[in-house]
Amino acid sequence: MLIPLLLAWTPSPVPQEAPDLPDLYAIKASVLETGTGEVIEHAVLLVEGGKVITVGEDLVVERGIPVYELDPDQVVIPGLVNAYTRVGMTGSGQSGARPWQRASDELYPAAGDYSGVRETGVTTLGHYPSGNGIPGRCVVVRPKGSTASAMTIKDDAYLKVIMGSSKSAKDALSGGFKKADTWIAKEKKNKEKWDKAKEKFDKEKDKEKKAKLDPGPYKPLADDPSAASFMQLRDGSLKALISVRTAGDYLHLIDAIGEEEFTWDLRVVMTRDMNIYHVIEKVAKSGRRVVLEPEISLHPGTMRQRNLPAEFARAGTPVVLVPRSDSVAGFKAWRRHVGEIVASGLDRSTAMRAITLEPAALLGVDDQVGSLEAGKQANFVILSGDPFEPGTQVDAVILDGVLVSGEVNL
Amino acid sequence: MHIQTNTNGRTLILAVLLPIFLSLCAPAFSQDEKKEQEEPQTEEETDEWFALQGGDIYTGTGAVLRGATVLSKNGTIDEIGYDLFIPEGAEVLDVSGYRVYPGLVAIESRGLFGGSSDLANSVDPFSKNMTLALAAGVTTARSGSEVAKLRAGHIDGLVLNSGILPRLSYSKSSPSGKRTLREKFEAASQYLRDYAQWQIDKKSDKELKEPSKKGIDSSILRYLRGEARPLFSASQRTDLLEIARLAQRFGFRPIIDGCQEGWIVADELGRAGASAILTARDRSSKGEQLVRAGGSSIENAAILHRAGVSVTIIPSSAGISLGGIVGRDLMHLTVEAGYAVRGGLSEKAALDSITIEPARLMGVSQRVGSIEVGKDADMIITDGDVLHYQTFVQWAVVAGEVVYDKQAELYFAHIRPRPEAALSPEERLDAGETPEEEIVEEAGDSDSPGEGNEEGDGEDHDEDDGDGGSRP
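Top line first, the protein sequences correspond to chains A and B. The opening residue of the first sequence carries number 1 in this note's numbering; numbering runs sequentially from there. The opening residue of the second sequence carries number 411 in this note's numbering; numbering runs sequentially from there.
None of these hints come from the bench; they were simulated from the model. Be a bit skeptical, because a hint or two may be false.
[Claimed, not checked] Which residues of chain A face chain B? A partial, calculated answer using Cβ under 10 Å:
| hint | residue |
| --- | --- |
| 1 | Asp249 |
| 2 | Asn275 |
| 3 | Ile276 |
| 4 | Arg304 |
Computed from a predicted model, the values in this text were never measured in an experiment. For every residue, glycine included, the Cβ atom is placed at its ideal position computed from N, Cα and C.
Please model the entire structure based on the sequences and the hints provided.
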């Protein structure tokens with residue numbers, strides 16, 4: 001009884017109010033990476049109203065605009081985007097196909113993890129619903145805000161689908177489209193029935209009889225939420241992120257998709273020795289993005305190391321990298337882990353893109369975040385040095401133009 | 411690897427002449443005829459040709475053709491012989507100095523396909539075990555009640571037949587089970603007799619009712635009609651005799667799994683038209699009190715075969731096991747057959763026992779089990795006698811596509827590497843010798859041995875193949 005009480009009494013550390021940045025200001029950095037692959041030296045970044053006004057080399061800043069000149073070692077990169085995370089969310093999902101379910105319904109803005117997330121320099125998160133089969137839809141949030149709507153950037157960013165080498169997993173996908181077909185057929189019949197009744201009603205001239213035949217206004221069938229999701233996939237208003245573990249899963253996925261056409265990207269769950277490399281060429285040809293951890297894996301049955309993210313990138317597949325562990329600690333180690341695979345072969349600018357602009361594109365918010373370009377949100381991170389060096393610290397994090405972690409000195 | 415794309419002079423000339431010829435004839439054709447002319451041309455473009463050139467072809471059911479060529483079209487063997495016309499664009503694998511055998515057939519397997527039942531939906535076509543089985547020469551295997559091809563890298567065209575090898579039990583350990591089964595056979599054969607009689611009688615009396623099928627086991631009817639063959643598990647002499655007698659009494663051909671003491675009652679089994687599935691090295695000693703012959707014999711396969719029993723051989727463990735005692739798993743199917751040769755079985759019969767015989771038992775001998783025109787292009791290319799324990803499978807071809815290349819996989823590439831592989835170190839997969847990046851890329855290529863390796867192999871290797879590889 002005593003211990004919890006004692007804990008409660010311990011004065012909580014006074015939250016250090018980050019000194020506010022003005023509405024309009026400029027950052028001068030010796031190195032700025034835009035996230036598109038471009039590296040600007042002697043860069044000037046002009047921010048107003050939470051948005052990037054302009055960014056460029058050696059720009060002249062108008063007199064009167066506060067200029068924050070960074071240390072020569074410091075590097076500015078865009079706020080990181082983690083497109084595939086559940087940090088800050090609780091609860092476990094259900095199994096089976098629930099494509100209508102939304103991760104936005106389980107948002108918990110007060111979750112303590114978000115402040116930790118901010119400190120790591122991650123400024124955009126894609127939350128997916130947990131569960132098996134088809135767990136539901138992803139929501140894009142900023143790790144800031146006291147209400148769910150204040151956090152939300154975009155809902156229904158992608159539909160998460162888990163594919164495996166089994167009939168049930170394949171049926172969940174192909175069966176979903178079949179459900180949509182059935183619904184459309186039913187709706188068509190329903191409409192035809194009403195049309196016939198209406199025709200009869202229109203032809204009838206006798207007033208008394210006519211009153212009896214009135215079919216009333218047309219009532220469409222009740223929405224089938226599952227069928228509706230698959231219809232959305234078809235018409236392009238929703239895309240899918242399909243998770244596979246093995247190369248075999250990928251072939252079964254292609255088999256399950258069949259003739260169906262919709263937008264989807266690929267999530268590859270990295271394991272110690274995986275064989276996804278068998279289909280790297282096929283994935284590259286399909287033009288899908290691939291979401292995976294920055295991990296060195298082993299060629300199955302051997303101790304030979306393979307850098308699969310680099311292999312995917314080299315084959316021409318846009319790569320999205322996510323932290324190895326989905327936790328604040330994992331976020332902290334994220335840049336270092338990406339650095340490891342850069343050191344063993346992944347192209348450096350691809351790597352930067354893979355944690356900023358590419359995930360933003362996956363989430364469909366690359367018009368707002370993911371890179372430092374004019375018109376986008378002013379989400380950026382000031383690092384103590386090279387982003388992929390192991391010792392580099394996060395000095396400051398700016399989200400929507402506002403300092404949310406660390407400090408910037410005039 | 412030295413797969414090349416064939417650029418044939420003759421076809422080039424044809425390609426030049428054909429349009430000229432067609433344009434000359436064009437005015438004579440009506441529009442419909444023109445269409446007909448065009449259609450086969452587009453079909454031809456999608457045809458996939460694959461030629462194994464210059465190997466000694468052990469066809470299995472036929473002769474051995476030395477230095478001949480097997481040409482396959484869309485996964486089916488199209489032509490076998492000498493001086494074949496190889497169509498333009500065909501993939502050509504020069505195997506001179508090597509031997510070509512039909513892909514081996516395993517009548518039992520575990521864990522090759524990665525999935526459980528319902529292979530078509532659950533197979534893992536990249537599983538390690540599948541590659542290792544291909545390395546052992548197995549290209550077709552039974553898994554549960556399905557028989558499927560080891561088509562590495564593909565999930566279609568896999569299952570050849572399902573619902574195969576229905577089991578029956580007829581053993582002295584269950585006398586009541588024996589009686590029930592016997593009664594079922596009696597009822598079924600009575601029904602067949604009645605049915606035959608009815609067919610004769612109904613000619614004179616059209617009102618006559620068809621005999622009732624009620625209570626008749628339909629699967630047993632199929633055995634009696636010769637549409638399917640039941641599988642028994644039996645190893646003891648008495649059980650084998652009983653099964654042989656049951657089969658002879660009712661007139662069906664049993665398949666007997668185990669069959670350890672078959673050599674003692676081989677004549678009876680032969681007369682009953684039985685087939686045996688056995689492990690050549692099975693060991694069991696006879697009871698000490700027994701005066702008569704008993705126990706296992708290394709000559710089992712040979713004696714049974716001499717008595718007219720078709721013999722299928724399977725190792726004692728049908729999985730791929732990389733631990734424990736070597737030589738008892740499916741990777742040593744050929745070694746097991748070699749032991750049958752040690753017991754007196756002819757080499758031809760030993761090859762049959764791991765190719766065409768199991769294919770027959772599973773009802774897929776029209777597709778696999780031998781190299782014949784019209785059958786699937788499932789072949790293995792070895793550097794020596796397939797039954798010799800030192801022989802390596804260099805390539806395995808399934809449905810006209812190389813699905814295993816010894817030098818491209820890590821498992822055996824380092825043991826007696828192929829000469830041309832030794833000459834080009836960048837082709838090798840030795841870890842640590844080449845920079846990380848190169849290894850990674852190389853391995854990526856190796857996974858699709860059929861493609862991407864066409865270039866750069868040409869000049870280096872052609873001469874070396876003449877040396878005959880490294881034959882034991």
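Against the structure, the hints:
1. For A/Asp249, the suggested interface contact is upheld, since its CB lies about 8 Å from the closest CB of chain B, less than 10 Å.
2. A least Cβ separation of about 5 Å between A/Asn275 and chain B falls short of the 10 Å threshold, and the interface hint therefore holds.
3. At its closest, the beta carbon of A/Ile276 sits 9 Å from a beta carbon of chain B; the interface hint therefore holds under the 10 Å criterion.
4. Checking A/Arg304 against chain B by beta carbon gives a least distance of about 4 Å; that is within 10 Å, so the hint holds.
Checked against the numbered hints given earlier, this structure breaks none of them.
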